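Q: The lines below spell out each chain.
Number of protein chains: 2
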Amino acid sequence: MANPQKQFLIFLGKKIRQEREKMGVSQEQFGKLAKVHRTYVGMIERGEKNITLYNLKRFADALGLPVRDLIDF
Amino acid sequence: MANPQKQFLIFLGKKIRQEREKMGVSQEQFGKLAKVHRTYVGMIERGEKNITLYNLKRFADALGLPVRDLIDF
Chain B
289 MANPQKQFLI FLGKKIRQER EKMGVSQEQF GKLAKVHRTY VGMIERGEKN ITLYNLKRFA
349 DALGLPVRDL IDF
Chain W
289 MANPQKQFLI FLGKKIRQER EKMGVSQEQF GKLAKVHRTY VGMIERGEKN ITLYNLKRFA
349 DALGLPVRDL IDF
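Here the protein sequences line up with chains B and W, keeping their order.
One point on numbering: in the numbering used here, the residue at position 64 of the first sequence is 352, and numbering is uninterrupted.
One point on numbering: in the numbering used here, the residue at position 69 of the second sequence is 357, and numbering is uninterrupted.
Careful: at least some of the hints might be erroneous.
Same chains, same label: a pair holds when it works inside one copy or across any pair of copies.
Stated by the list, open to error - Below 30 Å or equal to it, Euclidean Cα-Cα: the simulated DSBU-like pairs (lysine-lysine) are:
1. K323 <-> K310
2. K310 <-> K294
3. K302 <-> K323
4. K303 <-> K337
5. K320 <-> K310
No lab work stands behind these hints, which were simulated from the structure alone.
Quick caveat, the model's predicted, so the values are computed rather than measured.
Given these sequences and hints, build the entire structure.
A: This is the structure in structure tokens:
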């Protein structure tokens, strides 16, 4: 995942972390809301995983945002 | 993939097909541009596959659009 083409996954992860922190919830609490494991939340926030659109939708739903608001690339 | 929660994959696929047709290229030609197999282009356009963000970026690059322009949900 050191591929520079995957830089956008880093941007996405930062945006998700920022929005989660705005909600005032931990990765563990957020994982329960999005129905994913807390370690998966961490991997996504660090841009380590190539998320599928379906899981991105679950994250967006848990954040109460449309998917497009998480995407700026 | 009959899951109604995955309806947004159908929307995404329709948008990709529309943009590809605007470019005037076949699925086969588009697959070469995006570096994916033509059958994969068809599956994505029909909303049959849960695309990863990395592949969505490849599609967007081949269409000359930012990813956020393909997402309306």
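Q: Next, verify each hint and record whether it holds.
A: Against the structure, the hints:
1. Taking the shortest Cα distances, K323 and K310 sit within 30 Å of each other inside one copy (19 Å), while across copies they are farther apart (38 Å).
2. In this assembly of identical chains, K310 and K294 lie within 30 Å of each other by CA distance both inside one copy and across copies; the values are 25 Å within and 27 Å between.
3. In this assembly of identical chains, K302 and K323 lie within 30 Å of each other by CA distance both inside one copy and across copies; the values are 20 Å within and 28 Å between.
4. Both within a single protomer and between protomers do K303 and K337 lie at most 30 Å apart by alpha-carbon distance, with minima of 15 Å and 25 Å respectively.
5. For the homomeric pair K320 and K310, the shortest alpha-carbon distance inside one copy (17 Å) is at most 30 Å, but the shortest distance between copies (42 Å) is not.
Hint compliance for this structure: no hint is broken.
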